[in-house]
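> Here are the chains, one letter per residue:
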Amino acid sequence: MNPYILYFILITFAASLFSCEDTLEERVFSELTPGTFLTTENGIQSLLNSAYANAHLHSFDGHVAYHYLPAMTSGEAWNRGGSIEVWFTALSDFAWDSNHRYVLGLWNDGFQAIRDANIVLDNIENENFSTEFKSLVTAEARFIRGWSYALLYNNFGPVPLYTSSGTDSLLIPRASEEQMRTFIETELTTAAANLPDKPSAFGKASKGSALGVLSKHLLNTQQWQECLNVTQQIIDLGVYGLVPEYSEVFSLENEGNIEMLWALPRTAPEATQSINALTFPTDYPLPLPSQNVFAARTYLFDDFVNSFEASDTRTELIVTEYVNKSGEPIQLLGNDQSLSLKYEFDPNATGAGMGNDIPVVRYADILLSRAEALNEVNGPTQEAIDLINQVRARANASLLSLGDFTQESIRDQIFQERRWEFYLEGKSREDQIRQGTFISGGQARGKNAQPFHVRFAIPQLDVDANPDIEQNDGY
Amino acid sequence: MKLFSLPPQFFLLAMLVLSLFSYPVWSQTVASNLPLFPTNAQQDQTQDLATVLFTLSEKFGVEFNYDKETLFHKKVKNQLLREVKSNNDLEKALEHILSPLGLNYKKFEDNSYAIYPRTETREVKKVEREVTNPGATQGEEEESYPGDLLTSLEKLTNTGYTRLVEQTITGKVADSESGEPLPGVNVLGKGTTAGTVTDVEGNYRLNLADEVTTIVFSSIGYVSQEVAINGRSTIDVTMTPDVQSLSEVVVIGYGTVEKSDLTGAVSSLRSVDFNTGANVSVDQMMLGRAAGVQITQTSSEPGGGLSIRIRGASSINAGNEPLYVIDGFPIDNSTLLSGGGAAGLGSNQNPRNPLNSLNPNDIESIEILKDASATAIYGSRGANGVILVTTKKGSRGGVAINYDFYMGTQSVAEKMNLLTAPQYIEGINAISEAMGDGTVFTDADINRIGNGTDWQDQIYQTAPLFNHNLSASGGDENTTFYASLNYFDQDGVIKNSGIKKYIGRLNLEQSIGERAKVGINLNTSLVKDNNNVDGLNINEAAGPIYTALLYDPTEPVFEEDGTFRQSPNLTINNPLSLVEGVSSENETNRTIGNIFAQYDITEDLQAKINFGSDRQTSRRDIYNSTLTFRGEAANGIANISTLERSNVLLEYTMTYNKSLNENHSINLLGGVTYQYFLSRSFNGNITTFPTDALGTDNLSLGDTGNDNLGSNQQENTLLSYLGRINYDLYNKYLFTFSMRADGSSRFGENNKFGYFPSVALGWKLGEEEFVPEFFDDLKLRGSWGQTGNQEIGNYASLLTFGTGPLVVFDNQVATSTDPSRIANPDLKWETTEQLNVGIDASIIDGRISTTLDYFVKNTKDMLIRVPLPRATGYNFILSNIGEMENRGFEFLINSTNMITPNFTWNTSFNFSAIRNKIKDLGSVGDIVTGNIQDVGNTAIFREGDPLAAYYGYEVIGLFQEGDNIAESAQPNAQPGYPIFRDVNGDNAITPADQVILGNPFPDFTYGIQNSFSYKNFQVDIFFQGQSGADLLNINMIESMYPANFRRNRLAEQILDRWTPQNTDATWPSGVNPFAYGGGKVNSLVLQDASYLRLRTLRLNYNIPVGDVRFLRSANVYVTGQNLFTWTNYNGFDPEANSFGRSNVRVDYSSYPLARTWMIGVNIGL
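Each protein sequence line maps, in turn, to chains R and C. Residue numbering for the first sequence follows the numbering used here, starting at 1 and increasing by one per position. Residue numbering for the second sequence follows the numbering used here, starting at 1 and increasing by one per position.
Pulled out of the complex, with its shape left as it was, chain C reads as follows:
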């Protein structure tokens, strides 16, 4: 009789899943007379023990019961197998095979054997928990069978197995999140030993005794479920992922570790933790999800830039972005082409995200290394944290195909509140009269103008987005693969902007013999960007957002002849003429791939060579047509820039992993890596075209007397040696020591090599007798270490000469050369020292778990552009000076609030509070920075204050009629002018009266995820926010100090301005604002950027596909993104930063945030 069948591939698949949980597996098949082991097996050097047992069970018609983990990674040498004769002596064969592996067997009945380790205490406890949980008599069983595997197996076996089978239940198990079928789920009749596991399509077939009324479903990484049979013969189930799974394996630098053995501070994100919805890039998937990791979308443009601060900003002038390591390959994440060249666009500080070239659907997991113990292995690139991205790999057993499609629509979430045409007319007339210039608009004008033009509406659009993702994965005993194709197409909410992506991936692993394995991870992409052209540029050079916020609302869009209307009163372009008149397109091809080979020298010692290459070419084409001022002036400007950026990695590592005895185990890692980076660029521009028709397609059509060429080539090199020791004592005390010696070409002749050590201790309190049973898990962690930062660009230590200004002799232009910088041959690493203490705990069977960390991060020898007196002819010298501290607290709580067969409710909450402080700037004193054209500096670096604190004048009120203005510190003021605080009391407002106005860093950030699952429906709600940060909105300044009287203004500034009748106004009179005195950066325009955002809302329905043979799974979903933001901030987005990745934060003509609704379908075949 065949109770159930289990395909051999599936057995293997199950073996691959790392687990501390366990479940028994039963198997019985009809005996056969085939040879015991196939002859081709002899070509291999080992076979998995599971495979061997399977063969034996078929051969002898017996079943084996074992804890799944017992067999994990156990291999049998073919040499041994050859010695097993086909002589029907099963027990002798078992003895022969199991003994060298440290395993025993015991026979229960004629055809049933249990396999168990000789001495193993750890698993016993887990097994006991798993096995006994479903039972109603849990406490009783625990008392009766205290941690003896054999006894508990015996109990199970003896109670259930011999019963008659009277009912057969079939069904399908799927993931509640993705709707994908779940293979390998353990399905067990409650209170019996009768069970099975689901196949590759999630199907199961279970024969049970009649009186069994409940089935228990369990699987690693999922919440176990009990379902009442209620006389049904088909039961489909969805399983909710259990983020608390203790068995999680965490990827760390150059290796993996079980989460329970982790000594460093690492945030680990699985697919269930990722943001749902339209994610253009990998980093968007984790925005708001990890404590201590502040991810801000600095530009809301499709594919726009993001900035990440892991545990605060650790550097003033060197980079602050983390290192990205994708499948073991540290990639170059520097920004792509951003300059507008000669096409009159200037530079956008928010270039496209370089991670757009990865397909978010390919990501299996993301680990964020935060403390020095975790990051020191990355040495001079570790100071800002490290993000390890692991892509999906194939599993053994069949092929699974998955197709995901969604489409959506986006609209501007919040328009800026500008004056309408009637409000504008009233305001302009009133202020003009107050200035003594009479009225501007007559009654006839007002009648003619009517409602005027809403320029924001002119440049905004409701924009579609589409995504297709097709993937296939699978494998057999020797080969696994994962392949995917992705097409993503998103238009922007500003007309003439958007992104298209085409990405392919292939991950392949091949075993060669018993000891060797080779693999390849290959990602290739084409990204087409249609760039919005706004940046920090102003006036004539500005883009459509800037101009739409300032354009006169009384002007029509078009002249009567259909051409663009150009206000004679303004020198900025008609916003729509910029949308239609400027094209700026990027095409980026990027291929990231690495090939590795690993070889098991002995059972414990493994060597690995990894060769990687990351090559990207990008071309940006800009054409500024005659529709715009600049284009018209030049008769069309064309600009083509190309960038080739590549790097190669050669890396050799060895690991040694050994349990010396039951109390000591050790893991050693050593390695050497070399990485070489090259970047080359070319830029050409030309003007004076006979027509706009060809754009950048034929540059030689332009006037070759008006062309410009430029090129650049740079390289840099890293050579590093690394080592790590992990030592586990009594399975309670964990020690980690690591060290990396990093050499970088970027540093001064005298300081090429830096050394970055770290130590960490972990104490598994949960294993101690004195810790109450209340805790399922409790661990204390502590670490110290040093990491470095080398993100200062190339050649910073050398004196070189580059292109100087143009000079005119005899009315001809000549070129020149001037010094690029002052040399600093002593330039070296910036060193960040970090101390971390943390607790991991879980209670109530892991239903509530938490991770808490406190850290102090100190950056020394900071790479600072020390300002030089301009009288030296240089602006600064890059030097190692000063010290900065980030001190913070972060925690993560995951909770399963409710769990019933039909309904589950999970909550995840993360929180972090970080204080940044500059402790020392050496002899430098204050550094004022963050210059904006015609606004001036916006921020300051000052000892004792946070980095890049906003710096300007404090407004303490408005002058009123009757005030003694002549005797005040502002004798030139008028009633209605702002009163600036005379800080030093010298009765004059001077730069000495500037104070720190606010802090760009939040007091705390948080994210809250709630997931509800009811039968086939799931709802996910994710909120995310920050509190206490300020943000300087330069558009507020533009409005308060209009560069042209006829520009439009923010409504509140005019509607609530000071007039003799409105004396308690918030805003000054608007009469000759340039005579206000003080400065444009003042407390009136600085705003609180605290916010709470409903970032995603997702409703998913799993379509039951039990009877559809070709379908593995199907689900449909609706997702909303950025649905609501609660904030007092007046601007498009309190997260925006027009300086891109800089620590100095300002919002200036930022791209508006989009609110998105999407519907999608996901099908598994």
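In isolation and in its complexed conformation, chain R is listed as follows:
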């Protein structure tokens, strides 16, 4: 036989041995494909869980940002030690730039929550889903978008507004102030209308969560009257109140208490926060041998610790001295090194992570926010003084009388009250910005604070990847 012919026959034969293109189909085993996964209620719920986790700022960088961006930039606290110091020093010194790790952490968690919520909303119209399921999940997903955009807006100003999971236009410019505010307010208002008065589980969104976040957004954007309306709705819900003792607001056994409208829930040992680990020194005698801390420490200034009335129970959660592991007494107060023990050491925790929830909107904040809005709209009123006094009474601080105050001094009193009530709760930066002392305060501390610092820089990764995005002024 002619070898060429034989060659041809054999090669053809061989080729036919191998079945063709369908061999190259990709079979997916350990991951889920949209077609099967997002068409079930369980699938949607599982994706919504991810949206919640991101909305809870689950990542290390996300929750550290939530806690420390305000604490360090406002001069509420100062920090030493740990490789984290390079980031915190930049914050204290008003020397942060668009490559700041924790600014990016906040940005990432916020937008991943929005991504997940968008996918949920784009797949919720399915005839197999019950009406109740669709209604609740839609409201939850819209709350998550509203909360996340409000958080981002608070820190960055208007950001790109992604409202669907489509991937056709990934590079979009920043929204206008108007679009941004309208979107946040619409999402939270709509969510509030459809969410239950009490969440199905603590950590999920309720009517109070949506209204609480909305009221803070309205306050920060100085929409006083709207803020009054929303805070009234919250009070009218009749769900929330003040916990009798200040320390019990944060205690582990009291998590999900009547004061919490919205919090970042944590539990040990798996889903933890690291605030104590970034606060306490290495020689601090931790209650359990299985617990430890990082090299970083966070200190309160003496001026602040000494500013409380002697009777104020809110100082109970400030450590001013301790006996270290070697048995030596360490004096903190007097050295600007007092420590906040707002989050007790969690007996279930091991290592550096603790299971304490991080409060975001609590009822005391609603009361003081309402007082602030009232004062801005109506000037000094007994109602505003009563609201402040509710908070002071719980802390066993002396009560205020209307007669002692002008509109201006009430305003100052409220900001001072907020410092005492919410120290190291992530409120100081936005409060100072409203008060107009954020930049001047930084300058007074000898820092190079400039007016543009009221907004953080859009992360450089986004500036590089998106030609349509405009960096904030000054960066």
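One or more of the hints may lead you astray.
[Said to hold, decoys possible] Below, in silico cross-link-like pairs of lysine to any residue (SDA-like), each with a Cα-Cα straight-line distance of 25 Å or less: (1) C:Lys919 - R:Pro467; (2) R:Lys325 - C:Thr803; (3) R:Lys447 - C:Glu961; (4) R:Lys447 - C:Gln598; (5) C:Lys77 - C:Gln598; (6) R:Lys325 - C:Lys917; (7) R:Lys325 - C:Glu961; (8) R:Lys134 - C:Val557.
Since the hints were derived computationally from the structure, they do not count as laboratory data.
Given the coordinates of chain R, work out where chain C should sit on it, guided by the hints.
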């Protein structure tokens, strides 16, 4: 009279050696009356011509003279043999047998015949060279007998043969490198035709006329030698391998080719070219040996990872490692288990080398395919080059047994220069005072502390290593085998690290009839790793190296009660507590095997089926005991991970090989291959044990409320069609065309198949009349082709959902699911186009030879993780974008500098210079990458610059007292702070002021080997190095920006720091370093990683074993590895990369380089 005897098996062995060199073989035996051809021969379909001639010579008592190559691969059909009657008509039989094979014979004397091809010009020239070389009258002979085989044979035959035999010389010939006996060496009385070849044990016996004074030893692949007899009757000789041997056969994709016919750029390494010493893996054997092939030991841990770049880095985000093909089987070389799971170790980017499962002693040769002509046949896996590993095969004729043993000791080559305790105390006190915090150490403290602790010494050890290797090989006419067993045991220079390997191999080939052959190559291994636990982890999660470099030297190792001392000032673990408190062990079983069957359909057409399977299972056990912070916090953490990875290959190829006439020959290859890869993993961890005693042996002892499980399964498939044409015109012009169509499951629905063509031309200038005789060989090569890259992992084109973050509802943890990526249905191959021109030349009888290549390699449609705005919720989308170029020049020179009977000196030098440049990144712009925790990004991909160039802030000096700091770009600075260059002149230091600080790629790399041989002694010295590369040492950053004030620092940074008294210091003041501004990645910490290393030094002595009957050979040797490194780099090793195989290179708590001394013995039986 029996002049000498030659066993028939040996004849066959000689036939197997491919050769262009040749030598005549003489044979005479007593005639016998046995049947001409044994009856059992009829069961076979052919016999080797050599065997037939041997039988005839015995039968008729004659001798045959022939050029060895003349008989090569010549077979006689039994049908023909049956027609040869035992009628004593020798010449008729010869005519009958030789004619169909294109051979003639001529009778010289009564009992002597010459066999030669009818027309053959090529061999004539070679023969002439070989035959005439030894003669003192070389020129004269060349003139007298210009290239006529017959005449030269006649001359030889007529001058020497009929002389009387008056002296008998016996002896043994061995390889000077290995000391192994050399069979088949041609031994010839100089100026005579009297000769013989050595037997399987290297022995020869030669009868010579009295007046012959010199013996010539020659063998393919070895430098010929002349030895004066000087009245001796026993002469033992060692032969030096000749790397320049023109007869080399080079393995290429799906075939072999003679080196002289090669059109592509291929580096070919033989055993003589391999690195000597303790090689854990095959790739270590070739480190520094091949031009254009940069092999870096990215971790010096025993069995640690290596990274190979063949002609530069050709991809940004897809793999950059070459494809490994072992005996025709492309293996899966992806990394093994690396994660630390929940045991608090995090991920080590430098997992163990997957090639550890091969036994380096089994390797016969390594071919590195570099240009597209060579690699395009591997299509979508060829872009990073291809490494073909050929293992040893058995030879016909007896059984040879070889045993090799060595043992050695290793120590840390270079410690990091840290502050001693007194230096530390002084520095800490001074800086603390400068910060206004007062002194830390009182005089009483200083007296108490004394010399403190050298933490490096605490974790280092002098570590032993052992290797036993036993092999047997041999065969008969139908069967050949090679079998080996290897045991290798190496401890690391860091305590509690090391590797043990047990490897067995069997290579077997069996002829079935005259046309068919089947074979099996089987390698099975057990590798036990004791892993060092350092990686990129920091602080509490870091390992012993990291902590030893940072631990307070004033602290003791132990408390008075014998427990580990834990500094109250530090949150990192006591380094020794990590060594003793963490166990991390891997056990990997891997079996690689392939079975092939080939069948000669016609004389020219061959079909081959190859079925391969590569199966490995690996299990990693980690236990983090209560001696460490994490372990204590969790009451012990146990983690077990398993990985099963397998692939199967089914491959069918056909080759057609035909000389159409004397001017045209053609070789065709066609084939189809299918390969399926599967990987499955399981991971379980649990904490809270009542005791550390059982480690990972009983997980259910832990708290089952605190456990975690995970599993994963993935597969991918390749389906390919391939073809190649080689065409040889006038034996001067060589053409190669190849094509592979490759389908991969990994690519988008719209782009499953890619097509990879190549063409190459070779011009054997040496064969041209106009080229001066000065050149023994001269060839021009040129090639162009396209190859692909599919190393992007699975499912990259699909939208899928995977495990999301944990969420807390009602104080309970719930799981979630989130999208894994953005889908890209258009995802396709990355295509690398390469142009290559090269020259091969040799002069002075091949004593100096060189290979030069210039190439331009362009990667298009690069698989890039295009960064997305994080606002999309995704980090990147994998896309085909952009273009990158590698352009380079490489050469290899081999030279035999001196050659005398007792002394030879060979030098081999390789050099390559490669420039890498990103030409285009599409609309992406810059991509900043290489993130290190709390350091940030370290590198950038930017158009016009090399890949992964170091990116950061340039320090242009230090602020001095009196400088106008307030008006500067760093108004917060203090005297002694670094001055960062304000690149854009906006009087502020911002990320816009970052610049490219350096290049991770060397300007050039080189290796120099010198081998000296004097009588039975041999010395090999190998130097290797690189120039012009930079390396970012993160430990320098850790020291410059200590995360905790009480951590230790590099001595130079404190001893030469800025103080008001030391104003021209190199290093800044160390006072509040986090307020320096700028960034941690800066020009102060980036270092020049140029180095020159004495990588191996070996002294070998061949023990004469002439009179010891049971010994074939014996030699002893001493080897030193990594003896000296000349470098300005401040770190353990300028080659290290803590990112493993990544193009982004950083050195972070790398495993220290070991200096090793070994002694060994090699015995042949």
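> Decide, hint by hint, whether the structure agrees.
For each hint, the structure was consulted:
no. : hint                : in the structure
1   : C:Lys919 - R:Pro467 : holds (20 Å)
2   : R:Lys325 - C:Thr803 : violated (41 Å)
3   : R:Lys447 - C:Glu961 : holds (21 Å)
4   : R:Lys447 - C:Gln598 : violated (81 Å)
5   : C:Lys77 - C:Gln598  : holds (19 Å)
6   : R:Lys325 - C:Lys917 : violated (56 Å)
7   : R:Lys325 - C:Glu961 : violated (41 Å)
8   : R:Lys134 - C:Val557 : violated (62 Å)
Violation of the numbered hints given earlier is confined to hints 2, 4, 6, 7 and 8; the remaining hints are satisfied by the structure.
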